[in-house]
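*Asks:* Based on these hints, arrange chain W on the given structure of chain E.
Chain order of the listed sequences is E and W.
So the first sequence is residues 244 to 454, counted in the numbering used here.
So the second sequence is residues 664 to 994, counted in the numbering used here.
Simulated from the structure, these hints should not be mistaken for laboratory data.
Glycine residues also receive a C-beta, built at the ideal position from the N, C-alpha and C atoms.
Be aware that a few hints might be false.
Simulated restraints, written as ranges between beta carbons of each label pair [as the list claims (entries may be wrong)]:
#1 298(E) / 787(W): 35 to 43 Å
#2 388(E) / 787(W): 45 to 53 Å
#3 702(W) / 337(E): 45 to 53 Å
#4 759(W) / 426(E): 26 to 34 Å
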Amino acid sequence: MAATVSSFISAINDSITSNKVFLTDLDGVIGDADHGINMTRGFNAAVLKVTEEDSDVGATLKKVGMTLISTVGGASGPLYGTAFMKAGGEAVGKTALDGETISKMWLAALEGIKARGKATLGEKTMIDAIEPAMEAFNKAMGEGATIEEGLDKAIEAAEVGIEYTKTIRATKGRASYLGDRSIGHQDPGATSFTIILKTITDHYKKEVLGV
Amino acid sequence: MKKIINNPDNVVDEMLKGIIAAHPSYVKRVEGFEVLVRANAPQPKVALVSGGGSGHEPSHGGFVGKGMLDGAVAGAVFTSPTPDQVYEAIKAVDGGKGVLLVVKNYTGDVMNFEMAAEMAAEEGITVEHVVVNDDVAVEDSTWTTGRRGIAGTVLIHKIAGAKAEAGGDLQEVKRVAEKVIANVKSMGMALTTCTVPAAGKPSFVLGDDEVEIGMGIHGEPGTHRETLRSANDTVDHLLGKVLEDLSLDKDDEVAVMVNGLGGTPIMELYVANLRVAEVLAEKGIRIAKTYVGNYMTSLDMAGFSVTVLKLDAELKDLLFAPADTPALVQN
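With the rest of the complex left out, here is chain E (with noise of 0.2 Å):
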């Protein structure tokens, strides 16, 4: 069974859209009460760029990258649509994807993350998602896992991230100017990091594997 590039980009902006006020309501304690709307504008105008015909996987994250940067704004729009634009470029010309490109992907998006935003791991961003997330499924890989136990390990890795967003300070982002006061909530950017991961995996299960 085969799924498309587009029916994945579907599949996150219903879960987006679904977790819109729940994402809205958590960068509303530590922020500016955007991210939800801002993360669901973006979602919806990319189904509306990509569709069944765009077969080539690179491309395809590519055009769902600059939609992201011309459509979200914020600091979301930048972070994650050079995530989706770094991960594309690991991926030009390829129709389906194995677990060692998926690493490269996963590589190219954090680091492009890190250097747009600079930022790194332990700020209470979505680095503190993304990062452990990528390395479990790498670790998972490396031991001989499929590509479905690699996310699985991945997500509880992100779920982790957010866990441990909660126990530190903000440093980088409209949180860091609460100090103190942002510790005990969790960072809004790894939620919905988190949250695509979820739904990438379980697409993946139900329309490549048919699970």
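*Replies:* Structure of chain W alone, referenced to chain E:
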């Protein structure tokens, strides 16, 4: 939520159209974009572009005109505009002498404006940017994103805009903008929350007699909450923090801005301004110019901020230079 809107999704577009309907001699739209530029743009001078999320009106479109901004980019409410929008503004106002971007220090704004500057540079347009960080409520340290840009931004528009209008080159205009940034400090407080139209509910909750000190201009929390005090006590606290950071001496000259956050009666702003004037007079600090009104708002939030700019001869001359914009006319 009670608001005079038709549809939350159309607020920014309809506002921009409404501004143009009111001020066609000042501003026009870059078609297809959320960008206002001078009706007679481009001008053969260094161009200034500012912007940010919407909800801060009259910032930023209200300051497009002679002696201030050449272009203003309006993002979604409280959300930085995207790079393509900023890029279109840069292209529309560039008169061949380069473009200065005035960016408030928020993670999103800095990233989006930097990406736009990179895009414009690839097209051969000379672009510089300055980052405004006048809010003394938040710590400036390696442990934060740095201080936020708030109402002091308007004084950067005024003074750097005057320098550009007088024919200063890009580096001179940037230098003057940075001099203002180094000498302007602000701090605000909120009596009430604000409601983003698309969210439909208040961004945070304050108790009946509770206020947030150090409130930013997006409804993001400030430094702490306390029980409402008198206007004089509140001004003493805010102004005290501002002055701690400015190292003013007797006989120094300053400009003052007492800025409403959108839901504050002008009467209360003047009450606050009286105390600002008293405190500065007690210290022998001379006020060269005072602005009282809604310049950098936060939707329907009640509250205000106090801004003090330390002047020297150059900044004072430029501050007093004429400006003719929808929201600020100075002869």
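*Asks:* Now look at each hint and say whether the structure bears it out.
*Replies:* Structure-based check of each hint:
1. 298(E) / 787(W): 35 to 43 Å: holds, 36 Å
2. 388(E) / 787(W): 45 to 53 Å: holds, 50 Å
3. 702(W) / 337(E): 45 to 53 Å: Cβ of residue 702(W) to Cβ of residue 337(E): about 50 Å, so the range 45 to 53 Å holds.
4. 759(W) / 426(E): 26 to 34 Å: violated, 51 Å
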